[in-house]
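> Listed here are the chains, written in short residue letters.
Number of protein chains: 2
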Amino acid sequence: MANDNATPLVSAFDPRSDLPGALGEWRALLGDSNVLVDDQALTHYSRTTSSSSRRPAAILKPGTRDEVVQLVSIARRCRTPLYPLSTGQNWGYGDACAVYDGQVIVDLGRMNRIEHVDSALGYAVIEPGVTQGQLSRHLAEQGVPYWIDCTGSGPNSSLIGNILERGFGHSPYGNRFQSFSGMEVVLGSGEVLRTGFGHFPGARTTHLYPYGIGPYLDGIFTQSNFGIVTKLGLWLVPIPESFCPYIVLFDEDKDLLEALPQLQKLRLDRILQSVPHIGNDLRALASDAPFPRDRLPGHARLTPEVRAALRKGAGIGAWSMSGAFYGTSRQVALHKRLLKRALAKVDAKVIFLPPHILAAGQLFVRLFGHLAPFRGLEKKIRLGSALADMHSGKPTGAFLRGCYWRHQQGVPADFSDQTDLARERIGIMWMAPIIPFLREDLALLNREMDELFARFDFDCHVTVNMINERALAAVYTIDYDAEDEAETRRGVACYEAGVRRLFELGYPLYRASVRGMGLLASARDDEFAGTVARLKRALDPEGIIAPGRYDGF
Amino acid sequence: MANDNATPLVSAFDPRSDLPGALGEWRALLGDSNVLVDDQALTHYSRTTSSSSRRPAAILKPGTRDEVVQLVSIARRCRTPLYPLSTGQNWGYGDACAVYDGQVIVDLGRMNRIEHVDSALGYAVIEPGVTQGQLSRHLAEQGVPYWIDCTGSGPNSSLIGNILERGFGHSPYGNRFQSFSGMEVVLGSGEVLRTGFGHFPGARTTHLYPYGIGPYLDGIFTQSNFGIVTKLGLWLVPIPESFCPYIVLFDEDKDLLEALPQLQKLRLDRILQSVPHIGNDLRALASDAPFPRDRLPGHARLTPEVRAALRKGAGIGAWSMSGAFYGTSRQVALHKRLLKRALAKVDAKVIFLPPHILAAGQLFVRLFGHLAPFRGLEKKIRLGSALADMHSGKPTGAFLRGCYWRHQQGVPADFSDQTDLARERIGIMWMAPIIPFLREDLALLNREMDELFARFDFDCHVTVNMINERALAAVYTIDYDAEDEAETRRGVACYEAGVRRLFELGYPLYRASVRGMGLLASARDDEFAGTVARLKRALDPEGIIAPGRYDGF
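Protein chains in written order, with my numbering: chain A, 24 to 576; chain B, 24 to 576.
Quick caveat, the hints were computed from the structure, so don't treat them as lab data.
Certain hints may be false.
Chain copies aren't distinguished; within one or between two, either way the pair holds.
Stated by the list, open to error - Calculated cross-link-like contacts (lysine to aspartate or glutamate; reagent style EDC-like; alpha-carbon spacing at most 16 Å): (1) Lys277 x Glu463; (2) Lys277 x Asp370; (3) Lys288 x Glu492; (4) Lys363 x Glu463; (5) Lys288 x Asp141; (6) Lys417 x Glu164; (7) Lys335 x Glu275; (8) Lys288 x Glu328; (9) Lys372 x Glu275; (10) Lys372 x Glu281; (11) Lys288 x Glu264.
Sequences are here, hints too, so could you generate the full structure?
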């Protein structure tokens, strides 16, 4: 297995650390079954899709906030560094791995209570183990007139985990940092902090207005290691009267680039109110079939000819954009018209997928999908349905199929929403810079990254996401064969060169992987890193929580 | 003058403080003309509208960020506590006053550079001295296709100052914490921190995406005393194709309460995309004429009869709501229809004020306003124009006229946008709780507060502002006669009782005045206060920046 011998990372172990003593106390606190040190468990939490395997010293599975408080107190006394995670589905960014070998993973998956759902004002108070699928089902079962904002990472990923990484979804609440209010945090000091108005006894607005009075603290508990978030008030998406997913197809790179100013204007004018995603042809191809190894043996990058042929065969263009409109019937109708009108002068095909069309398509495919003229239609209907689901609060694993691009067996027949990408030996590494919402920046960066990927013989899978009105979150993905040592090493080299280049070009990443943290921490030593270090000492004096996680950015 | 002998505040002076030494060094740094200790200057910065006068030890007027760095370094060495302010127009919350006597005010008004305006992506990089009026004029002069989000506090108030207090405006960017990206902060330690991506050399996204990578720090520099913000990237409101201000009039309390669920739904569904404000009759009456002292001598509260008569005379109802629609012509037309439809079943009158109607009205009043049947029309047209201006990026002082309610001379003939409320001896104190966006909470609180105000013989001026989709920012204002010692004491007692009651009811304030900080700091001693204190020590070890400001919340 290709571990990263090239970039050895220091262990976070303190020489005074008393792991055996801590384990004894944790067992007394949590019970033997919630303190894991067996090889199988340690191996499970060492699995990685991003070639940054770390072997933890143990896994703790607390069931309550008070147990978290106690286990942190034990860790401080015994000087054993912890590494909290919610459900460990941080695919391509570190999965369920800690940043350093020898850290003790605190798996919060058992803390999966939906403490409260407010159907009037539309929020849910949840614990870190609550998954997208769980909350989605709960709302549907209870008839709550709200959806969740979904990501494409599958139904088993944690909502809080993603928010704390500052991930983004697809709906009007896709800019997730703006969609929660009121945290409960167990600090490194062991104290329980309630942010916003939450610390005022009887406050009725903790989950309705995030900032409280006095300093607004929530931001410092995202992408950091100051505490363990044990509860949060998540804002839900009101189910609209009308809902219409759409796809926009661009044949050539230049078509997308020409459309970009119009799209920015639509986003700025709040006609595109959700977070549309734009993927290149490779993203679409990868979810259909793996890399054609037979046609290009010994290579991990398509030739232009093969890529053109695959694109033609799949009937897709260079870029596909997906999003959805939400509102009253007339609002949705108007926004559909405005989107069409804005793109009238560029070469783009706008396809609307309202629920009744999708339902008819599903029926049609069921009846006639086996007939030759309609082969391929099924895939498109399935993709459309998955998009519609994701935009309307039903998480799906469908978009993880593309991660099998360089997998030797391709997507398995039994692939499902429950598939664990790390166990499947998938190889993916994401580089996710924020760039200005401008044609020139996107053109420059796509060219730069494609050249860089070509140097390392990888295909450059891209999505570009309209995270806000002024910026795009671009994601450049290295899909590599994790079973192939040489290819894995090349992938890591490509990743490191890519990240360096992004910073050089002035497009820093919005999020780091476990691997990226090691890479970047050493590169930064400025007043920001100094400030973060001082905050760390203030809130976690013994440095017990996740040493190395977003340190020094 | 009624100072607050009832609640003596400790001085922030350190016995080791060397003010004379510091003054010498500051004079060498800034020049004599920018270090003020004369009585006139100290008196100017002691003026208050909120009965919480504090006399500073000196006033410093730095012109650059580097001067701020140097003056902080001198303050640390000489242990002289500073109190930064932007333009000192924090009306009703402390004005240009420090929290404690003897603090050295750092007036950032000279730092009024508009460093950069990006007309493509719509942001401005500004210093703390940049006022609403200045940026508004600059954008108009340069033909930049963006407006600013305005508050009603007049053209001379600082944009950064208001954002750091977490104030809110009226436009779609009225939730101001969501409308800036990238701060520069001089910490108490003297270091210069650039937040978000700003600390990465050459980053092109500092002012486009606020969170950066690693902990998102900006929140801790709002409502706090950890540093002096010297620069910020402010997002601007795109000038829409169509724009239509509106007023909704509700005759009775019950009409507003009945409408509230519909309004919440409109806000949640992003049909009301800006931050509509709803004011009670007293707010409207107060901007026309002062309290009728002749009819109710010895009282500061209208009788129900007089209030009803005044309301009738002014032709207004119990509540008036104001807002504006922004978008394409068809979006605006649709949203107008949806607002009308949503309010069809309640007793409410919706009046749209599109620019051409206002222009015609202004012309009409100019021609015929002197004729008897059209008296009063002028006031309405003037108010409509002021609302339209404020919603379209042109700040106005018109809404400060209401602050003269208890002033013995009423609004002066020469009142203008330039009027300094503190110099005018205006008496106002705001209590601004956040409440759930629910009929029951608003009904309960309006009743409670009106009873409390009645106990102290004050009129209860109210605005209710749709700060987000789930919460209302209510503002209950005590208008008192600052020249009347007994009334001022009664005002302070009413304020203190009101604030206590708000916390008891579970509706904490979103913002504190200089007076409120002293009142509340002693009431809170929990893990939140402890955390804030630890952050303070981490970022400002000598406690030099604004001791007492939002400490202990």
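> Hint by hint, say whether it matches the structure.
So, going through the hints one by one against the coordinates:
Taking the shortest alpha-carbon separations for Lys277 and Glu463, only the intra-copy value of 11 Å comes in at or below 16 Å, while the best inter-copy value is 55 Å. Taking the shortest Cα distances, Lys277 and Asp370 sit within 16 Å of each other inside one copy (9 Å), while across copies they are farther apart (54 Å). Only within a single protomer do Lys288 and Glu492 lie at most 16 Å apart by alpha-carbon distance; the minimum there is 8 Å, versus 24 Å between protomers. When the C-alpha separation of Lys363 and Glu463 is checked against a cutoff of 16 Å, the pair qualifies neither within a copy, at 23 Å, nor between copies, at 43 Å.
Taking the closest pair of Cα atoms, Lys288 and Asp141 come within 16 Å of each other only across two copies (15 Å); inside a single copy the shortest separation is 35 Å, beyond that limit. For the homomeric pair Lys417 and Glu164, the shortest alpha-carbon distance inside one copy (13 Å) is at most 16 Å, but the shortest distance between copies (49 Å) is not. Taking the shortest alpha-carbon separations for Lys335 and Glu275, only the intra-copy value of 12 Å comes in at or below 16 Å, while the best inter-copy value is 66 Å. In this homomeric assembly, Lys288 and Glu328 never come within 16 Å of each other (Cα to Cα): the closest approach is 35 Å inside a single copy and 53 Å across copies.
Taking identical chains as interchangeable, the C-alpha atoms of Lys372 and Glu275 lie at most 16 Å apart only when both belong to the same chain, with a minimum of 12 Å there against 52 Å between chains. In this assembly of identical chains, the alpha carbons of Lys372 and Glu281 lie at most 16 Å apart only when taken from the same copy (14 Å versus 46 Å across copies). For a Cα distance limit of 16 Å, the shortest separation of Lys288 from Glu264 across copies, 12 Å, qualifies, whereas the shortest one inside one copy, 25 Å, does not.
The structure fails to meet hints 4 and 8 from the earlier list, while all remaining hints are met.
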